[in-house]
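Trainee: Letter by letter, the chains look like this.
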Amino acid sequence: MKYLSYIFIFIFILISTEKLWSEGDYIFYPESKHKFDFTQNIGIGIVILPRSVFEDAFSQIPILNYNARLDLPFNLILSGKFSTILFSNNLSTGILWNYKYHNFNLGAFTELGLWYGFYNSEGIDLGSRGWTFFPGVVVAYNFKDVYLTIKFNLMYQSQVTVAGENRIGKTFNGYTGYSVSIISEQNFLDNSVFSLELKLNYTTFHNITWLSYSTFDNLILYPELTFGIKL
Amino acid sequence: MKAILFLILSIVFMNSCELENTLNYPNFDNLDFLKDSSPIEDSILEQFNGIYNITSEKNIFGKIAVIKASSNYLSFFCEANGSYIIVKGGIKDSLLKFEGYWRLSATTNTGKFTFEIPFSSLLSNFKNGKLDSNFTFVGFASTPNGKEEKFTFTFNKSINNSSKHLLIIAHRGGGRNSDYLPYSENSIELMKYSNLLGANSIEIDVQNSKDNIPFIYHDSFFSTRLIRGEFLVGSTSNFTLNQIKTFGMLKYGEKIPTLDEALRAVVFETSLELVWVDCKTSSVVKGTVEIINKYTNIADDIGRKVQICLGIPSDEVFSQFKLIENYKNINSICELSVDKVLDINSIAFGPSWTIGLLKNESEVIRKNDKQLFVWTLDEGLFIDKYLKSGLYDGIVTNYPSVVAFYYYTKYDN
Amino acid sequence: MIIKKEIRFLVTLLLLILSMGNKAFSQNDSIIFASRSYYFALYLNAGYSSDMDSVAKRMDRTGLALSTRIMLSSKHPFSLGVELAYLNISHYKEKNVNTQFGITDIDNKLNCLPLLFIVNYKMFNFDVSGGYGPVYINSQINAFGEISQSSEWDYALMFSLGYNFKIIDNLSLNVTFKYLNIPPLFKELLSLQAGILLKLFEI
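Chains as they are written, first to last, in this note's numbering: chain A, 1 to 231; chain B, 1 to 413; chain C, 1 to 203.
Please keep in mind that the hints were generated in silico from the structure rather than gathered at the bench.
Virtual Cβ for every residue (Gly too), placed ideally from N, Cα, C.
Mixed in with the good hints there might be a few duds.
Straight-line Cα separation of at most 35 Å, DSBU-like style, residue types lysine-lysine; simulated pairs [unchecked claim]:
id : chain 1 : residue 1 : chain 2 : residue 2
1  : B       : K385      : B       : K340
2  : B       : K280      : C       : K109
3  : A       : K230      : C       : K75
4  : B       : K210      : C       : K93
5  : A       : K199      : B       : K251
Now the in silico label distances, taken between C-beta atoms and shown as ranges [to be verified]:
id : chain 1 : residue 1 : chain 2 : residue 2 : range
6  : B       : S220      : C       : E94       : 28 to 36 Å
7  : B       : T108      : C       : P134      : 26 to 34 Å
8  : A       : L76       : B       : S220      : 52 to 60 Å
9  : B       : F268      : A       : F152      : 50 to 58 Å
The task is simple: from the sequences and hints, build the whole structure.
Mentor: Spelled out as structure tokens, the structure:
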């Protein structure tokens, strides 16, 4: 949470605007477009791994994201997301309701998903899976050439692990933490639209990095930075 | 272009994410509550050993605790949240006084813990070599919100002296730096402290210096995660031992120990039953074997029962070990496979938990009179499952207090 | 890594000045790759660097700093480039030091070579830059009659503020104040350098 103050400073910096671009080219910004508009985005990012869990074995891992959005009537937006690092895969869908006030947009959303991980190598045969439930709120501002979206959501997750035929795992269902995202979407070369997302996950369990088998019960920071391009 | 600026800022602040945590532990040499008190004899302290019921408004520790005495200290291994309590005792004016701290293993929650009872109360409840169920004492724990909470401990039963002895093997000498213990991982201070955490054995890691002297250190390179040392960067084998010890220290300020110093401390200053010396590189095998042999002989000479075993985590170390003369007479623990365990006559097979419960392999192990260890189990459910299987002789853990709780309370082996 | 509060404040102030400056002098076209003339700007600087850590006072923490930077620039305020530098972090030299292993002479050195991707913003004659990239750390311990050398790769972040005095069309004098942070080593270096800025290869 202490980085939120710096996120607000970013907003002041982004006030300095330069180029106008076509309105409506966004995927994360929570304002309804035309009904049944379908938008897609693919992104590549990195997850910074906390040293207390991974020590010096790994400091970051790449992650691939696919996002899709379908605008519905009644200010509703249906979303879908798929993330993968190969050993761990996450598929979720969500629904967001939004309200526009001048250049502000506010919204409430919920995302429900499943995650699945596996590792078969050197005699190890591990699998892990669970569900995710992320309810949250979003506030966003349209700077005309930059769409800025800030999301806050709680994280509820579960995990079950299987080694070979044996179910041996940390089986839990419940609250694991929260995350804060700040996303900017803007024009780039030749009218393509790109998004930049900084997501700060404060969680006791980060399903993408389930292989670490962290047993810490503290909220640990797992930042993610993702660049995306609208398809 | 604002995105580029945002990107730079993101990178800056993402890379500034880790904060160094430290916990305040009591100085056991200078406790206010024990001021002017005298040490309590071991024979009196050991009367506290047993399994207790806990009653309290707050459920920090759960409903059950195992209490074990050890050289003027009592350790409580509790049911909930991986919690434990370590207190030092003193006697003054016929009052037994204890002060120390409580801790939740997987978090940084900790606080002060104190209690006192009249010596006569302990004596009157101790009959026929054990406590009776009337024995009760009340302890006070300082909680994170600053309040003092009351916890009542009532004796339930004695600790089971099970026929199947379990080696509770503390990882890295007692735990990792990221567990925020009072001492650095792989330090002599932590090795001597590990029994208070619930361990009766330890696993330590050994690297080689430039002048081929084995020293206790986990990684193959120096980093601020483990040490403080301005000029110690890069590979551990790039520096002589004198340079390492002069220009570096462990994270919490302890000296970086050599293997010789560590085993000397274990043999002469602890009652640990087994030391698993994990060779992190094949170049350190020869030097490690010499020191293991030295202290095995010393321990035999003074009647100290301790198994000092060379750990074999990789094929390179395995091959190097087989070049040692009489390698089959050297105690070793092999992580690789049952066949290799039998090949080099290891005392135990010690694989990772990730390959699952080894029902088939354990039969071969038993038939050949070997032991079965597993690493590293920290989660209560895992520990419960592995203990219930009855297959394992030793568990390597970062939370020995959790293993100790499950072992002493649940298994009538 | 802990970024000290005063450094965070300075960085924030710098970025606010940057944003206000951009607002006051906003360009119509924010994309630097739109049709315009480009040139390479070469910076060659030398000066002093100092480690901000004052814990080990016996060590000499001020030493030589060299850097060379090449930027792809245009009339647009933003430019991109790379910088290679050499910075001394610390030097400990002392004779007849009493240690647990006896008396020895000590001559230890620690320095770094960062190779950074740079984003630069021109404001009047000021250059405000940020950089990120790998850094090669080199250490030498000379003690107990033995010289041990070791090195490793880490990553570093850099912020700098420079000023250019134009002499002739393609040549300026440059003075730069730099802050380099190496998070894995908990190291922060300040550096003051002077040199020349050459405008080369106009396209």
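Trainee: Hint numbers the structure violates, sorted upward?
Mentor: When the structure is compared with the hints, none of them turns out to be violated.
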